[in-house]
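Novice: Single-letter residue listing:
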Amino acid sequence: MREKATTLYIGPQHPGITGNMMVRVKVEGDTIVKATTEVGYLHRSFEKLIEKRNWLQSFTLLCRFCVPEPDPVEESYARAVELLEGREVPERAKYIRVLVLELARIASYLLWYGGQSASLGLYTIGQWSVGDRNYILDLFEELTGGRVYHMYIWPGGVRRDLPKGFENKVLKTMDYLEKRLDDYDDLMFDNTIFRKRTQGVGIIDKEKAVEWGVVGPPLRGCGIRSDIRIDDPYEVYNKLDFVVPVEEGGDIWARALVRRQEIRQSIRIIRQVLDNIPAGKYYNKIPNPQKWALPKGDAYTRTEAVRGEVGMYVVSDGGTHPRRAHFRGAAYVHAITLLENLLVGENISDIAAIMNSLGTCPPEIER
Amino acid sequence: MSFDLKGTLKPLTALKQFGKKPHTLVDVPSIPLEASDHYRGFHYNDLDECIGCGNCSTICQNQAIDMVPVDGIEGKKGDSGLRPRVDHGRCCWCGLCVEVCPTGSLSLTKDYLYVSDDPDTFLWTPGVDNPEGKERISFFSTEETSLNDFGRIPMPELEGMDRVKSFAEVVLGYNEVQARAEASRCISCGLCTEACPEHMHIPEYINAIARGNDADAVRIIYDNNPLPEMCGKVCTRRCEDVCAIAHRGDPIAIRWLKRYTTETVKNADMIKEVVNPDIQEPNGYKVGIIGAGPSGLTVAYYLALKGFDCTIYEAHAKAGGMTMYGIPKYRFPEESLDKQIEYIQKIGVKIHFNTKVGKDISFKEIYSKYDAVFIGVGFPKPWTLGIEGEDLKGSIQAVNFLYEINNGKTVDIGDKVIVIGGGNVAIDAARVSARLGADVTILYRRRVQDMPADWEEIEGAEDEGIHIIPQAIPVKFYPDKKGHVKAVEYLKADMVADEKGGRPKPVPVEGSNTIIEATAVLGAIGQQGDYSFLEEEFSEKVKIERGRFVVNEKQQSTLDKLFAGGDAANRSADVISAIADGYMAVKGIEDLLVKGN
Ligand code: SF4
Ligand code: SF4
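Which chain is which? The protein sequence lines are A and B, in order.
Once you know that position 251 of the first sequence is 251 in my numbering, the rest is easy, because the numbers rise by one and skip nothing.
Once you know that position 202 of the second sequence is 202 in my numbering, the rest is easy, because the numbers rise by one and skip nothing.
The reader is advised that the hints may include incorrect statements.
Claimed, not checked - Below, a sample of chain B positions facing chain A; criterion: calculated Cβ distance under 8 Å:
| # | residue |
| --- | --- |
| 1 | D4 |
| 2 | T8 |
| 3 | T13 |
| 4 | A14 |
| 5 | T58 |
| 6 | Q61 |
| 7 | C94 |
| 8 | G95 |
| 9 | L96 |
| 10 | F139 |
| 11 | L147 |
| 12 | S184 |
| 13 | R185 |
| 14 | C186 |
| 15 | I187 |
| 16 | S188 |
Unchecked claim - With a straight-line Cα cutoff of 30 Å, these simulated DSS-like cross-link-like pairs (lysine-lysine) come out:
| # | chain 1 | residue 1 | chain 2 | residue 2 |
| --- | --- | --- | --- | --- |
| 17 | B | K10 | A | K172 |
| 18 | B | K10 | A | K196 |
| 19 | B | K16 | A | K169 |
Simulated from the structure, these hints should not be mistaken for lab results.
This one's a predicted model, so the numbers in the text were calculated from it and none came from an experiment.
All residues carry an ideal CB built from backbone N, CA and C; glycine is no exception.
Looking at chain A on its own, in the form it has when it is part of the complex (with noise of 0.2 Å):
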């Protein structure tokens, strides 16, 4: 006998933290049969409102996009407006971009950790992760002079040079989350519920993964290397030894083994960007962001975010504002297209953890 369907409405509020969004699902028992992801709680308008700012306004949107990790959408906008008008950006300002990006990269993944493992009902994960990530909100505070926001990176380089005697502050963190990763194994990656609970669930079909664009962690798990800092080098990658891990099966197993492995190599990066940095000027000044005008056309930009790959377009018409600026997310295919295709035959239970796994983030798909 068939049982009869039901609608359930998981979120809006922070569906396993990840921001407000709403996923209805039907299901008959505890399986799914359909999901629609609904949106809407977020939409700031960020888009339209960047292009009511000059060009050197809209830093305090373009953070806001993904909160956990603001950083890859500032690189992204300042280097589409370092192409678009031409500009230079000093050696050393690359290097220090690389060390931000990578720090947030792993500010990101611990909070990640958290949150991945909260939705298996893990808790204690998410209150050390947490912890480990407020020593590099740490680090931020006094690179940046912001915890979480950072407005930072921007056309011509970075805001300040970095702050005396913090590159030792760096490789300390670095050494203390180095080890403290096994701590973290012990917890999850060893954790027979977590293994149980995320084998073989959510599974990603790897030719509908291409086809639909998805990207990051959940490509990789499903065996793809794909990762924009090799096949599309931005800053100073290209000048940096790491790999890019790639797991195969396609489950929130494989995505996690994906993410914790990747942790590791963003240490590696940061110590070879430190051993690496040249002296030198940090910013090349732009003019007088009043009067600031970019010459007319336009120019996209592609970098490696947690999610994966996030891309920028910005569109002068050779004014002080920008015509268009549009902001091409991962969260966007991962929390609809493939959330609401994967979803489907899985067990509730199993909704928050798979949303989590996919790097679902309501705010950057909102925007």
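Based on these hints, arrange chain B with the ligands on the given structure of chain A.
Specialist: Just chain B with the ligands, lined up with the frame of chain A:
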């Protein structure tokens, strides 16, 4: 299902953390964490440094900053008197306001904790409401990090020693690229507009130049200045003195930008085409103007636009007043002046040249013929030093000397010229003498920094090899056998502080007499008015004090239909104040004749 022993036990290793102290936060929120040294917390503003330019408010994309009056801070030239008030409920701590603050007065502090249930208390005037913030500054801008452009685009000029070989214009002018770049430095605060006697729309026309719209700039400029090329070349530019950017950098080259704009319209026809003035139908009123200097031309231009029939009486063969006959051609070439005058004539202003009032036509006749009369005759008569030997041959008044030279005549000054004075006329006379091949020395009573002349003129003179002896008071001119001046004796002066708080006074040092040789001495210690053209019936009635007509704010004298402006009415003795007088007189005359008040 197999039992995973390792996977069950491993998580229990978390217990090893048991009893450890939490590793990030101390007792929050009762003890706030100390923020880092670069933290972007609440604002602090150094109220004495701040000039109320409002650039912080302009950049703030959250509209978190309002400019408000503050007790005890008065507006003055270069300071709006307002200070930023921050709505900490809107602020997102981006610090852009700090990065664009031209004075560097605004900063962010380490403070970040404020709790209140009264939303109004989130509006703070930094510096007023948190004076203690000064000790907690953590995010500030330096000249290196600031987003202001502090460096001026250098003006191309002839080389110092090449200049003295001719009367070619020294300043070559910005090209388009340079002008756009220079204009782009402006932050549109408008403090300059306040300081300009004529309140020209400076940020607006600079903006037009920056946007690449020169024709707009021309129109904006002509809105209240009919002689912009004159100002673009020789204005005393009080606007630049108060430029917000000058607090940490070079002021925007406002004068050179105006010059650039006016040079884009090459002749009178082009000016007319670009300005496309809206000339009203004749209204039947006739206005007589005495003197075709800057004030008279301004009155005539704007009244003519309004439909008045304007006639100017000019004693000389050309219009422009002191700017024609007093300012040397390397600063203000005749073509520049001619095209502006021609344009003014094109819109219907009549000028009777070589018509000296009091000689060729009586004042009385003008007064009775016109509905209103404007006097803008300037200060034609030079002051004399009143010392022995001043009437010797070769002792010449600088204004007369400049007049002759500008008229294409020659003046025999020999090869050792001494100029007495420190104003623009003195510097002009000195630089002209250098161009005539003389070795030039300027004697000035006070220090170089006290010289009323434009600093760029002083520098220009020095570049051209002119020697300045400051704190030197001439006491006697010596003649040679033929009664021609051959030397000047002067006393060195000490600068003594003025008890009343005025500027320090030069006091001669006894026995410091020094004699220097001279083949000519040019006196340039100022001029005065000459109103001998006024018949007794007028001079009795019109009030003149200390050589100037007494006028109200609309330049109206004590005789209803008589207006006056320029040097004859104001103490500023510069072109732009004369233009400002003319502009006000337009209003006065219109009010009197058309509106009847
Ligand atoms: S930008 Fe600076 S100087 Fe100007 S009003 Fe603001 S605080 Fe004052
Ligand atoms: S810090 Fe940013 S948001 Fe706050 S007042 Fe300044 S410009 Fe506005």
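Novice: State for each hint whether it applies.
Specialist: Against the structure, the hints:
1. The interface hint given for D4 (chain B) holds, since its Cβ lies 4 Å from the closest Cβ of chain A, which is under the 8 Å cut-off.
2. The interface hint given for T8 (chain B) holds, since its Cβ lies 5 Å from the closest Cβ of chain A, which is under the 8 Å cut-off.
3. Nearest Cβ of chain A to the Cβ of T13 (chain B): about 5 Å, under the 8 Å cut. The hint holds.
4. Annotation: A14 (chain B) was flagged as interfacial toward chain A, and the flag holds, the nearest CB pair being 5 Å apart, inside 8 Å.
5. Restraint check, T58 (chain B) versus chain A: the minimum CB separation of about 7 Å is within 8 Å; hint holds.
6. The beta carbon of Q61 (chain B) comes within 4 Å of a beta carbon in chain A, closer than 8 Å, and the hint placing it at the interface holds.
7. Evaluation of the C94 (chain B) hint against chain A yields a held restraint, the C-beta minimum of about 5 Å falling below 8 Å.
8. The closest approach between the C-beta of G95 (chain B) and any C-beta of chain A is roughly 7 Å, which is under the 8 Å cut-off, so the hint is satisfied.
9. About 7 Å separates the beta-carbon of L96 (chain B) from the nearest beta-carbon of chain A, less than 8 Å, and the hint is met.
10. The closest approach between the C-beta of F139 (chain B) and any C-beta of chain A is roughly 5 Å, which is under the 8 Å cut-off, so the hint is satisfied.
11. A distance limit of 8 Å between C-beta atoms decides the matter here; for L147 (chain B) the minimum to chain A is near 6 Å, and the interface restraint holds.
12. Because the beta carbon of S184 (chain B) sits about 4 Å from the nearest beta carbon in chain A, less than 8 Å, this interface hint is met.
13. Interface hint status for R185 (chain B): upheld, as the beta-carbon distance to the closest one in chain A is roughly 6 Å, under 8 Å.
14. Taking 8 Å as the C-beta contact cut-off toward chain A, the hint placing C186 (chain B) at the interface holds, the least distance being around 7 Å.
15. Checking I187 (chain B) against chain A: minimum C-beta separation of about 6 Å stays under 8 Å; hint holds.
16. The criterion of a C-beta within 8 Å of any C-beta in chain A is met by S188 (chain B), whose closest approach is roughly 6 Å, and the hint holds.
17. The hinted pair formed by K10 (chain B) and K172 (chain A) meets the criterion: a straight-line CA distance of about 27 Å does not exceed 30 Å.
18. For the suggested pair K10 (chain B) and K196 (chain A), the alpha carbons sit about 15 Å apart, so the restraint of at most 30 Å is met.
19. For the given pair, K16 (chain B) sits about 26 Å from K169 (chain A) by alpha-carbon distance, which is consistent with the 30 Å threshold.
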